[in-house]
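**Student:** Sequence:
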Amino acid sequence: MRLVICLCLLSLSPPSFAGDFDRHFAVVFADEDTTAKYGPVPLDRRLIARSIDALADAGAKGIVLKFFLDRARDEQGDQKLANALAGLPVILQARIDDAEPSPNSLPARFTIPLQADTSISGHSGWIPVPRFSNNAHDICFADYPDFDLPAAYLPLLKTYRGKTVKSLLLCTIELAIGSKAVIVTGEHVQIGDISYELDNQNRLPVTLDAKPALAYIPLHDILENNAWAGRVAGKVVILGYDGPQIHRIQTGLGGIAAHRYYVYLLHELLDDDTRDYP
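Be aware that the sequence shown starts at 240, since it is given in this note's numbering, and climbs by one per residue.
Just so you know, these hints were derived from the structure itself, not from any lab. Backbone N, C-alpha and C define an ideal beta-carbon position, used for all residues, glycine too. It is possible that some hints are incorrect.
[As the list claims (entries may be wrong)] Distance windows between CB atoms, simulated:
{"no.": "1", "residue 1": "D261", "residue 2": "Q354", "range": "16 to 26 Å"}
{"no.": "2", "residue 1": "V421", "residue 2": "Q484", "range": "17 to 27 Å"}
{"no.": "3", "residue 1": "A454", "residue 2": "Q354", "range": "34 to 44 Å"}
{"no.": "4", "residue 1": "G494", "residue 2": "V423", "range": "34 to 44 Å"}
{"no.": "5", "residue 1": "N464", "residue 2": "P279", "range": "16 to 26 Å"}
{"no.": "6", "residue 1": "E339", "residue 2": "G494", "range": "21 to 31 Å"}
{"no.": "7", "residue 1": "G278", "residue 2": "G469", "range": "26 to 36 Å"}
{"no.": "8", "residue 1": "E436", "residue 2": "R312", "range": "35 to 45 Å"}
{"no.": "9", "residue 1": "P451", "residue 2": "V368", "range": "30 to 40 Å"}
Make the full structure from the sequences, and use the hints.
**Tutor:** Spelled out as structure tokens, the structure:
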């Protein structure tokens, strides 16, 4: 199972978005109880499709799907998932990997029409299969370099086959705010009324000083009842995995499960009032 995290954090200008993680996001994880009931990872795509349909019915604003979909599986399950992706805005993740011999095509609508210096580039990768790409709201790249946390610079933009593409975190913020980014390469990016400073490789500073509290909805609850529905209405849902098979990120805070770490960084981005603002 391919599970890779985009680790990006921004220098953020006030006022409207800081401190608002819980207002804008909900987290759904397939945990050990989920896999005990429904089978191990990789999860049956029919289960993922059912979960997406349930979240759409509950009024979720959109979904960030933290599973790679670069390989076809059984026809019925893949078609059910493709249909579910059309029900609300769903961001899919990709990854640059030049060792991949036969990548799927990345549609041009998921590239940015500008030239940018980037610290990560490549000509192959883990790109969603066409039936999923066709129904995706966005496809964004979950690549990250080696870094020395708790402080590092991480890429906002990457280069794939000579085209500029967005990081997964940038897409996540766009969906939550409801506004596309306006990018001045090497300087800043504006999304709605907030601004992020960029270095000359279009990277952003990241810090993580502590693990924030993390409340999530187990995926099996999504499949079995609707008691959680009020927790996702109007929010972007991060849908991922949090169990023993997840890759762990080694940090000064110890090893942290990759999808959990992604959520920690979003908390830091939205809730940290101590950083210097541009």
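**Student:** Run every hint past the structure and note whether it holds.
**Tutor:** For each hint, the structure was consulted:
1. D261 / Q354: 16 to 26 Å: violated (38 Å)
2. V421 / Q484: 17 to 27 Å: The hinted range 17 to 27 Å is violated for V421 and Q484, with Cβ atoms some 39 Å apart.
3. A454 / Q354: 34 to 44 Å: At roughly 42 Å between Cβ atoms, Q354 and A454 fall inside 34 to 44 Å, so the hint holds.
4. G494 / V423: 34 to 44 Å: Roughly 37 Å apart at Cβ, these two residues keep to the hinted range, so it holds.
5. N464 / P279: 16 to 26 Å: holds (23 Å)
6. E339 / G494: 21 to 31 Å: holds (27 Å)
7. G278 / G469: 26 to 36 Å: holds (28 Å)
8. E436 / R312: 35 to 45 Å: Holds - the Cβ-Cβ distance for E436 and R312, about 42 Å, lies within 35 to 45 Å.
9. P451 / V368: 30 to 40 Å: holds (35 Å)
Checked against the numbered hints given earlier, this structure breaks hints 1, 2; the rest are met.
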